[in-house]
Amino acid sequence: MARILYFAYLVDKLGRAAEDLPLPAEVADVRGLLALLRKRGGIWEKALAEDRVQVLVNKQFASLDTPVTGAQEIAIVSNAPG
Amino acid sequence: MTVRVQQDVFDPWRELAAHETAQVERLAGQAGAAVVFVGRMRDFSHGTPVTAMRLEHYSGMTEAYLEKISIEACTRWELLDTLILHRFGSLQPDDPIVLVAAWSAHRDAAFAATRYLIDELKTRAPFWKQEQTPAGNRWVQPG
Chain A
1 MARILYFAYL VDKLGRAAED LPLPAEVADV RGLLALLRKR GGIWEKALAE
51 DRVQVLVNKQ FASLDTPVTG AQEIAIVSNA PG
Chain B
1 MTVRVQQDVF DPWRELAAHE TAQVERLAGQ AGAAVVFVGR MRDFSHGTPV
51 TAMRLEHYSG MTEAYLEKIS IEACTRWELL DTLILHRFGS LQPDDPIVLV
101 AAWSAHRDAA FAATRYLIDE LKTRAPFWKQ EQTPAGNRWV QPG
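Protein chains in written order, with the numbering used here: chain A, 1 to 82; chain B, 1 to 143.
The hints are simulated quantities; they were obtained by calculation from the structure and are not laboratory data. Hints may contain errors.
Just so you have them, the derived chain A footprint on chain B, three or more residues with Cβ under 8 Å [said to hold, decoys possible]: (1) 6 to 20; (2) 51 to 61.
Across the chosen pairs, the derived CB separations fall in these ranges [to be verified]: (3) A:58 / B:22: 26 to 34 Å; (4) A:38 / B:133: 26 to 34 Å; (5) B:22 / A:45: 32 to 40 Å; (6) B:11 / A:46: 37 to 45 Å; (7) A:28 / B:11: 45 to 53 Å; (8) A:24 / B:124: 29 to 37 Å.
All C-beta atoms, glycine included, are put in the ideal place defined by N, C-alpha and C.
Put together the whole structure using the sequences plus the hints.
This is the structure:
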C-alpha cells in the first residue's frame, strides 16, 4: 500500500489531496503508476500525462524509470497548471 | 545554517537581527559581508491585479530541499552561515514571502551564494503558488 499525495492544481482537478493505493505487482515504476492512474479516465487521463507531472518517490525527485515497488509515499505535482 | 518554513507573517529585518544575535559567536569579527534578499508579494502579475496568494508546500520535503541547497552553497563558497525563511499559506500584497541571507568573510562568496539560493529556491523548491485575481484563481509556474 502506497500513500499517494497530490498538490496544488491537481488537488483542484482531481478533487483529492491524498489516497492510499495498493500497487499491483505489474506496476514497477513511475511510468507504470501514472498509466494505472490514467486508466481511471476523464480528467485523470489528461492531467497525469507523463509530460504534465513531476513525481517524488519517498520525498526524492523521481524519473519515469524510478522504481515504486515498496514505496511508502509518492507525491505527484503538476508542472502544467491552467 | 538555518532553514524555516512557516505559515505566520514575519518581519525580515527582525528575523535577521535575531539570527545575527543568536549566531554572534560564529559571525562577530568574522563576517565582513552579509548579503540579504527579501522577496515580497506583488499586487500585479502578467498585467492583471492580484488581490491575494496561496502558497502550498510539501511538508518535510520542502524543508529538506532547502537544507540541501544550503549545504550545496556552503560546499561551493566559503560561507560562515546561511539563513532561509519562507512562508506558506495565505499571503497579502507586500507580505514578505522569503528571506535569504548569507554571511562570509568577503563579499563575493555571500553575493554568489545568496543569488544561488534564491534562484534554486524559485525554480526547483517544492512550492506551488495560486494567485487570486478579479478574474478568478489561477495556479502559476515558479520562475
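How the hints compare with the structure:
For the segment 6 to 20 of chain B, the stated coverage by chain A is not satisfied: 0 residues place a CB nearer than 8 Å to a CB of that chain, which falls below the threshold of 3. Counting residues of the segment 51 to 61 of chain B whose C-beta lies closer than 8 Å to any C-beta of chain A gives 4; at least three are required, and the coverage claim holds. Against the hinted window of 26 to 34 Å, the Cβ-Cβ separation of residue 58 of chain A and residue 22 of chain B comes to about 33 Å, which satisfies the hint. Separation of residue 38 of chain A from residue 133 of chain B is about 31 Å and conforms to the stated range, judged on CB atoms against 26 to 34 Å.
Separation of residue 22 of chain B from residue 45 of chain A is about 52 Å and departs from the stated range, judged on CB atoms against 32 to 40 Å. Roughly 43 Å separates the CB atoms of residue 11 of chain B and residue 46 of chain A, a value that falls within the hinted 37 to 45 Å. At about 50 Å, the beta-carbon gap between residue 28 of chain A and residue 11 of chain B stays in the expected band of 45 to 53 Å. With their beta carbons about 32 Å apart, residue 24 of chain A and residue 124 of chain B fall inside the hinted range of 29 to 37 Å.
This entry does not satisfy hints 1, 5, going by the numbered hints stated previously.
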